[in-house]
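Number of protein chains: 2
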Amino acid sequence: MKDIKIALLGLGTVGTGVVNILEENKLQLEKTMDARITVKHIFVKNVNKDRAINTERYHLTDDINDILNDHTLDIAIEVMGGIDTTYHYLKQLMTSGVHVITANKDLLAVHLEELETLAAEREISLKYEASVAGGIPIVNAINNGLNANGIKHFMGIFNGTSNFILSKMALEGQSFEEALAAATELGYAEADPTADVDGIDAQRKVVITSYLAFNQFMTLDDCAVEGIRNVTSTDIKLAGELGYTIKLIGQAYAENDRVEASVKPTCLPVHHQLAHVDYEYNAIYIDGSAVGDTMYYGRGAGSLATGSAVVSDLLHVIRYIDTKLHTLPPHFEIESKALDRSRHLLVIGDETVTKTFAGRTVTTGETTAVELLNVSTAVFDEVAALDDVKIYEIEGV
Amino acid sequence: MKDIKIALLGLGTVGTGVVNILEENKLQLEKTMDARITVKHIFVKNVNKDRAINTERYHLTDDINDILNDHTLDIAIEVMGGIDTTYHYLKQLMTSGVHVITANKDLLAVHLEELETLAAEREISLKYEASVAGGIPIVNAINNGLNANGIKHFMGIFNGTSNFILSKMALEGQSFEEALAAATELGYAEADPTADVDGIDAQRKVVITSYLAFNQFMTLDDCAVEGIRNVTSTDIKLAGELGYTIKLIGQAYAENDRVEASVKPTCLPVHHQLAHVDYEYNAIYIDGSAVGDTMYYGRGAGSLATGSAVVSDLLHVIRYIDTKLHTLPPHFEIESKALDRSRHLLVIGDETVTKTFAGRTVTTGETTAVELLNVSTAVFDEVAALDDVKIYEIEGV
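Chain order of the listed sequences is A and B.
Residue numbers for the first sequence follow the UniProt record's numbering, so the first one is 1 and each next one is one higher.
Residue numbers for the second sequence follow the UniProt record's numbering, so the first one is 1 and each next one is one higher.
Just so you know, these hints were derived from the structure itself, not from any lab.
Predicted model, so just to flag it, every value in this text is computed and none were measured.
Among the clues, some could well be false.
The list makes no distinction among identical chains, and a pair is therefore deemed to hold if it is satisfied within one copy or across any two copies.
Said to hold, decoys possible - List time: in silico DSS-like cross-link candidates among lysine-lysine, alpha-carbon distance up to 27 Å: (1) Lys31 x Lys152; (2) Lys26 x Lys152; (3) Lys26 x Lys5; (4) Lys264 x Lys152; (5) Lys264 x Lys390; (6) Lys40 x Lys5; (7) Lys26 x Lys40.
Using the sequences provided together with the hints, build the complete structure.
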């Protein structure tokens, strides 16, 4: 039986979920893994704070050096959040040969390349299933289940809070403000909802997913972002009349040596699988060269859902802990910019306006929306430059 | 660089897909795996038959001994179908230490326990992603992505042909016969559609999925089966009026030491994720103890989709070929029988009839359907015993 020593960095919502899952399934996990799993340290800001779990059996510490200097550690699980300081801790741990599991999308969206490179050099594991779409095993699906496929396009609902708000607006006729208040009350939205509502959380996940899907490191700036603050009930109604649902879609296309990535409110035909992903749920739609279209659906947040993803990474690391198999995938250089692909647009006017683009005349008005199918990138840019109309891209037709 | 020698047993639809994927992605796969992959033999019935691929570069043979006696082989991929003879070949290969990948659900539904036990004894891999839901990486999702979860229930659309027929009936107003003819014309249904239409194909997949989800070997007889031949356009219309869609659902519940498994036409509320899985698509819905409800959607059949699953297994075996990690999961004894759970029924009468069960009076008629919510197993049995009404179980409410 292997003897596995773990440090947990952080004991908030996700950390508590991880401890709960490990405690409740201890016997079965240890038997399956043929390993004794010991949580040796838990790093917290305040060791005296009341916790949702019984902490007596654990060594809580507010001194990170207890962990950084413990050379018996096999695995560190990072669920503390934060970027710069946390990155410094993880780098030091990995340099010492400690395998790392992290749920920290904010950090990965910025430092994925350095961490993956370090993991490859040190031949240790770096796992981050929990960083994208919470409990949905999407990282595993792309890395393993779909690894016989070239992936050219993925799109998904990566943020549960904004999806909850759009669902409340579309299905219950609420205004944005009412829906946001409901999300806050249910704990789906933070006191400051910026990261969720303005698409930043989804943007981070698109950057991570693009790496997995295309073997391509990307910066946050490579992914255009627009949130849902400007989506009105009227837009939702007008789109609905034409058979579309408005969702906050994160997506990326890859073509030859170029990638186009974005997060923005997007129209989907009501018969599309993603159009029925409502309220706090996430789902990712992936188009594989061999398998065709596949979709993965589930809860993108929550203590146990996210903890489930962390523990699945943990089991994977333990199972293969002696194999030193971490390698960087062979990746090609990609320049991120808009691809010259045909697009479909829904154009909504704030006032009655007639415009001509590339020979097509379009009249929009306050209560009308117009579909513009199969337009070139050049025409798209022309329409997008107008300031008296609102434009939603249509996907999935 | 590792040198991996493969034998392919069978060169039909799936075998051709496997060869296509290996040829088209040869360089990238070999670089990613750090392995040279050689298909050393392909076992076929007729070496002279015209093939969709160029077979000149391969050693085609109709003598299985070329493969059974080749002690340089690392991996056998079985996509030839058949049960008894094929089982004999696989057993012999595995006994010689050859890792096995199979897409053969007919064989696995009968011999999974013997093969898993043999794989554990010999410390080799036995992989069968392609046997359930084609290209959807569901085996990988349960074995890896969700392995921190206890699973108590799964349900899914496991058969694309019958789902295609039900979709044609529900969405295009076709009769069963018209829809079956359309399925046959498109190549979704075989000349003899029995296995698809009568639920037998789905039953095999439920038996395999039950093992993955519950660590429980089951026989085909443990899974009650009913196909879609008796689902009428009237049933679909009546269910629709009450907000339900009729789907052929394969599912299993586990509770304490008991399992209940079935394949049968089932009502789903129209807002349920599975209710929107139409035409030839498959989807599996899994309820995990930590992650909550998740769903996996995609094509359940086809040369490349199924080939994609086979090749993902192949890459997994190659990656971990030296680790000898195959072990049987710790599993508990389960007695398969109906669980004493609360059920929801839709009762449709062939003629006007009034019945009283457990104090509830129900009147049904040729053009009416009645919902019977929260009935006990005892009442369910009472209703099911009637021969003048038709009963659909309702799930997902």
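Cross-check of the supplied hints:
1. Lys31 x Lys152: Close across copies (20 Å), not inside one copy (40 Å); limit 27 Å.
2. Lys26 x Lys152: For Lys26 and Lys152, only the inter-copy Cα distance (18 Å) is at most 27 Å; the intra-copy one is 40 Å.
3. Lys26 x Lys5: Answer is within; shortest intra-copy Cα gap is 14 Å, inter-copy 39 Å.
4. Lys264 x Lys152: Close inside one copy (19 Å), not across copies (37 Å); limit 27 Å.
5. Lys264 x Lys390: within (13 Å within a copy, 48 Å between copies)
6. Lys40 x Lys5: Within one copy only: 6 Å inside a chain, 44 Å across chains, cut-off 27 Å.
7. Lys26 x Lys40: Within one copy only: 15 Å inside, 44 Å across.
The earlier numbered hints are all upheld by this structure, with none contradicted.
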